Amino acid sequence: MADASWYRLDNVGKFYAAQAGSPNQTIFRLAATMVDEVDEQALQRALDAAVAQFPGFNVSLRSGMFWHYLEPSGTAPRVTPENLPICYGLHAGPQSVLFRVSYYRRRINVEVSHMISDGRGALEFLKALLGAYVAERYGLPEAAACAYAGTEAQKTEDSFTANYDRAAAGKAKKPRVFHLTGLKTDADPLYLEYHLSASAVHAAAKDAGVSVTSYLIAAVICAVRTTMTARDRRRAIHLDVPVDLRSLFGSATLRNFFGLAFITYTPGDADAPLADVAAEVQRQLTAGCEPASLKRRMMSMIKLEKNPLLRAAPLIVKDAALAIADARAAREVTTTVSSLGRVALDPCMAPYVEGISALTSTSGLNFIVCTYGDDLSIGISSRFLGQKVTRALAEVLEDEGMRGYLNANRDAPAFHRPGPLADARKAAPVPSVFPPNSFERKSTRVRTVLAVLTIICIALIALLGGTAGGSALAVGAPCAAVALNWLFVRNMIVHAPDFIRVVERYFLVLLAVAGLWSLSTGNLIVTTYVIPGLCLLALAFNAVLLIAFRGSFVTGYAKYLIYEMLLGLVPLALLAAGLITWPPLAIAAGAAAAALLAILLLVGRKQLAAEARKLFSLR
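So for the sequence shown, the numbering used here puts the first residue at 1365; every next one is plus one.
Quick list of in silico lysine-lysine cross-link-like pairs, PhoX-like style, CA-CA up to 25 Å: (1) 1682 to 1923; (2) 1752 to 1548; (3) 1538 to 1667; (4) 1670 to 1538; (5) 1667 to 1537; (6) 1537 to 1659; (7) 1667 to 1682; (8) 1752 to 1790.
Each pair of labels, with its calculated beta carbon distance range: (9) 1816 to 1679: 24 to 30 Å; (10) 1459 to 1961: 23 to 29 Å; (11) 1706 to 1545: 32 to 38 Å; (12) 1795 to 1706: 24 to 30 Å; (13) 1864 to 1813: 24 to 30 Å; (14) 1650 to 1711: 28 to 34 Å; (15) 1470 to 1790: 20 to 26 Å; (16) 1916 to 1831: 49 to 55 Å; (17) 1790 to 1816: 40 to 46 Å.
Note that these hints are calculated values from the structure, not bench results. This one's a predicted model, so the numbers in the text were calculated from it and none came from an experiment. Cβ atoms here follow ideal geometry from the backbone N, Cα and C, with glycine treated the same way.
Can you build the whole structure from these sequences, using the hints too?
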């Protein structure tokens, strides 16, 4: 935590912040099934109490010059009936809160962005919420006292930075990885909860001489193996397994703090029994969870963040680099298996909680396991239209004598093919734990149409320009202008900024288009009149708002004030370069920039200093 007014993102949070506004944000969903129908008013009071105890969750993402950062939200979060798709994106703009609490029938759902916490931190928040809810709903004040008791400094510590040791960093050799293939859907992912008897799984794992986690990872490997061709079997099934680092480093943070252990298994020509695969998984998992191994990988991640060149790069460059790194990381694993272990609730609230389950968003296929009482839930998230691996997993477990039931957020063809998966689906309790969902992701369609229209416009410009014999610069500049406008409109759709941000950003887009126009044509009218005129208009717009709203405008829009003042100096630079034929407009723009700075220092000096610490933070 930087101070009471803002938070720096931790190492992992910085990585996931690059997904801001994307439909594919990484979200954790934890759900508690209660013994009675959920009381909305009691849940709202419980949420208020939980947020008071965990203020680090009630935050919004903001963008600085070099890094994203978090600010406390100015509004209290509200409980809502479940009406959005599972793990639906939490960040849509600067005011978006990065967690969500909803309910449906007897279920309480908590969804948390990976920008602010991992599964273990989200679980602690859920426990606090449940304790407060039981206290409110059933008149048991002692239940509210059962929650996490760490200090505020412990809750919000960036444990990655606190435990950084540059000398411990190192890289591991990467195998040739088998990738799951098939058609995918971004609009309607399939989310499943496969519930099994925890005691039965534990007994099977004990018979194999391995942990429950190793046993289930081996079952996933065997399921993936059934989908591989003879040629594929020469490649490695490569899984990453998130490992909680809190016990290793003595941390009590509720922010992200985990490392990764990797399991690599190459099937070859023969199908080894599940027990043999589990033994190999146990060996690798034990080695991968050794402190030295976890530290080596963790320090490698932090070392990249600490690189001076990367730290000094503008945020737009960092986000692009992290998006590329995310795509590369996705290509290095077959799937992910996470485990929250056995969830233990205090005896004062446990009688009112029937079950706990977990799900995560995914770009392919993910698994997350948690156990509560004798219920072991395997959360399965899939963007694949076909569910070959999921069907195979149910068959592998049935072959070992384990049957369960399956909750699903929607119907799928896999449920209608005879076999253990279809049987598990039929055994699911009625009514469903998921509400019928008719939500349409209209913004996805709009973005697709916008992208197609942009491509058509660029193609037409290129075709007409080439036919007319235009130079590469003369054709490229209007193409770039169309692309800039596409980025601007897409940004409006994705991030839903307020009106002032729309205007501020469009000034920047218009100036960029004018610059491209000038470069492509060499027309001095652009440099003499258009660019200085736009700068004057933008500076006047900001001056009026600054005088009207004073410090509050600086707090919300300091970044744009800085941009506009710097751009106000551009006409003077053009004048010095001899690209302006009539100087008064350029001189007026420079004077307006100086005047805006004077007004800013007069009415918003303190706010500017506070915002500058966030905007220009290199950490």
